[in-house]
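**Q** Sequence:
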Amino acid sequence: MNKNLETSIRASRTLEAMRLGVVPSASLDAYTVGREAEVALVQSDLTRATENGGAVRAFLGGYGAGKTHLLELIGQHALRQNYLVSHVVLNPEETAPSHPKRVYRELIHSLQYPDLPDSDGPARGLQPLFERALNAPAALDAFQANAKGQVRNNLESGAHLYITTALRYLKRLADTEDLNRETQEHILRLLFDWLEGHPTISTTEINEDLRGVLGNRGHIFSMKDYRPWARIYGYLLSGLSAMARQLGYNGWVILVDEAEFYSLLSSENREYARNLFKALTWASVGNDDDILPFDPSELSLGGSGILQDLPPQYPMPTSAGPANSDAAIFAGPGLYTVFAMTPNTEGLEALGEAVPASAIAELNPLKLEDYQALVERVFTYYRRARPESIIDERVVGALGKVVAGLLGSGYVENPRQAMKFIVEFLDLATHRPHDMKRVVQDLRGLYA
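Take the sequence shown: its letter number 299 is residue 298 in numbering that gives the first Met the number 0, and every next letter is one higher.
Simulated from the structure, these hints should not be mistaken for lab results. Treat the hints with care, since some could be wrong.
Derived DEER-like restraints, expressed as beta-carbon distance ranges [stated by the list, open to error]:
hint : residue 1 : residue 2 : range
1    : S357      : S221      : 32 to 40 Å
2    : A39       : I8        : 31 to 39 Å
3    : N90       : P292      : 22 to 30 Å
4    : L306      : E93       : 18 to 26 Å
5    : L306      : K419      : 48 to 56 Å
6    : R210      : I8        : 52 to 60 Å
7    : N134      : P292      : 36 to 44 Å
8    : R9        : L306      : 48 to 56 Å
For lysine to aspartate or glutamate, the following EDC-like pairs were computed, each having C-alpha atoms within a straight-line distance of at most 20 Å [claimed, not checked]:
hint : residue 1 : residue 2
9    : K170      : E181
10   : K366      : E35
11   : K170      : D192
12   : K100      : D224
13   : K223      : E105
14   : K223      : D114
15   : K100      : E257
Virtual Cβ for every residue (Gly too), placed ideally from N, Cα, C.
Whenever a hint applies, use it, and build me the whole structure from the sequences.
**A** See below:
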């Protein structure tokens, strides 16, 4: 394909997305304006997660202020810095924060790997991570996958109640040569449906099937859709992040959007949602009384037997660092959780109980020069997408002032509306250039 044509097509797709007030993920850096302070905070957090083993952050901003845009930008930066990335948009049903398994399942479903290209195919889930672990002796040793005895008896040595059992069965499956393909696929489906939180058969049946084919390699414990189980899913997430560090990644960045949906829950479900926010914070930064704004005993609910003893953060033993930094010593899982919320009284109260005050930041309002920069960037893309269009550049200069005026008067309320307005204004300048003087005058009349 002709390079100029390819550039025009790509720009056209970006332009159509912007017409809806959305910036395609591939163009986020190019169209991010006025977010230097927030990006600097995130970079500091990523450094802390890499060096200290975890971090947490919450961003507050009104509707259309660019919270989702910022989360996507954080995800891009994290991927470039060798983090796994997951993004969940909370809602009262499929990903209700009161039901931690549903949130966990979506985090696994949306999992992105920095060394695997994006595709339009089915979600990869955890399988690439575990395939890599099977070829990493240091990771297998760290998680006690080669150790003898029950997993529950090796927890203080680095075993993980869920991950180690999965590794032992997967290792045995890889070492067993006389299984037909159908049986192999059945075992893989059993293990990953269970580990990724999908609906599946009972754990009793899973244990029977696995032991019948591979012998007893450990007990498969439940992963229930119970509201009090936030602590257990924090243990799972931090354990997976710790394994990612052992495999050479810097950790895992978890992006939690629309946290304000908390306010739509019943009073009982709100309490369980609070527990999820607290569990994610603990899973990220550990049980540090100087950081956690809540009493750790508040997360004592969930599970029975040994499950009651699991902490929200996998207690990773201090060991040699990730494969790309053999000399490093680290004791944290490298989990970085970022919340985004539109402020409301109930949601702010819940978030304030879970996230340290020092980690809560408000999105700075964009300034006039930020919107002028946005106008120029949109115009550049517009010319690439519509090279045949002729637009007087004086119109672009006037547009920056018009956008600023409309923002000041409330006719345009946020960056999303501004982006849509800019594209529509340029459409008008393309198709009705002789009307632009009158249009600009009319618009100025709205705020003059």
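**Q** Now look at each hint and say whether the structure bears it out.
**A** Status of the hints after comparison with the structure:
1. About 37 Å separates the C-beta atoms of S357 and S221, a value consistent with the hinted range of 32 to 40 Å.
2. A hinted range of 31 to 39 Å holds for the C-beta pair A39 and I8, which are about 35 Å apart.
3. The hint said 22 to 30 Å for the Cβ distance between N90 and P292, and at roughly 26 Å that hint holds.
4. For L306 and E93, the Cβ-Cβ distance of about 25 Å falls inside the hinted range of 18 to 26 Å, so the restraint holds.
5. Range check, L306 to K419: Cβ separation about 49 Å, and the 48 to 56 Å hint holds.
6. Range check, R210 to I8: about 55 Å between beta-carbon atoms, so the 52 to 60 Å window is met.
7. In this structure, N134 and P292 meet the distance hint of 36 to 44 Å, their C-beta atoms being roughly 41 Å apart.
8. Remark: the range hint 48 to 56 Å for R9 to L306 is upheld by a beta-carbon distance near 50 Å.
9. Using a Cα cut-off of 20 Å, the hinted pair K170 and E181 holds, with the two alpha carbons roughly 18 Å apart.
10. A C-alpha spacing of about 12 Å is found between K366 and E35, which places the hinted pair at or below 20 Å, so the restraint holds.
11. As the CA atoms of K170 and D192 are separated by approximately 17 Å, the hinted pair is consistent with the 20 Å bound.
12. Restraint check: the Cα-Cα separation between K100 and D224 comes to about 5 Å, which is no more than 20 Å; the hinted pair holds.
13. As the CA atoms of K223 and E105 are separated by approximately 15 Å, the hinted pair is consistent with the 20 Å bound.
14. This hinted pair does not check out: K223 and D114 have alpha carbons roughly 31 Å apart, beyond 20 Å.
15. Note on K100 and E257: the hinted pairing holds, with a Cα-Cα distance of about 17 Å set against a maximum of 20 Å.
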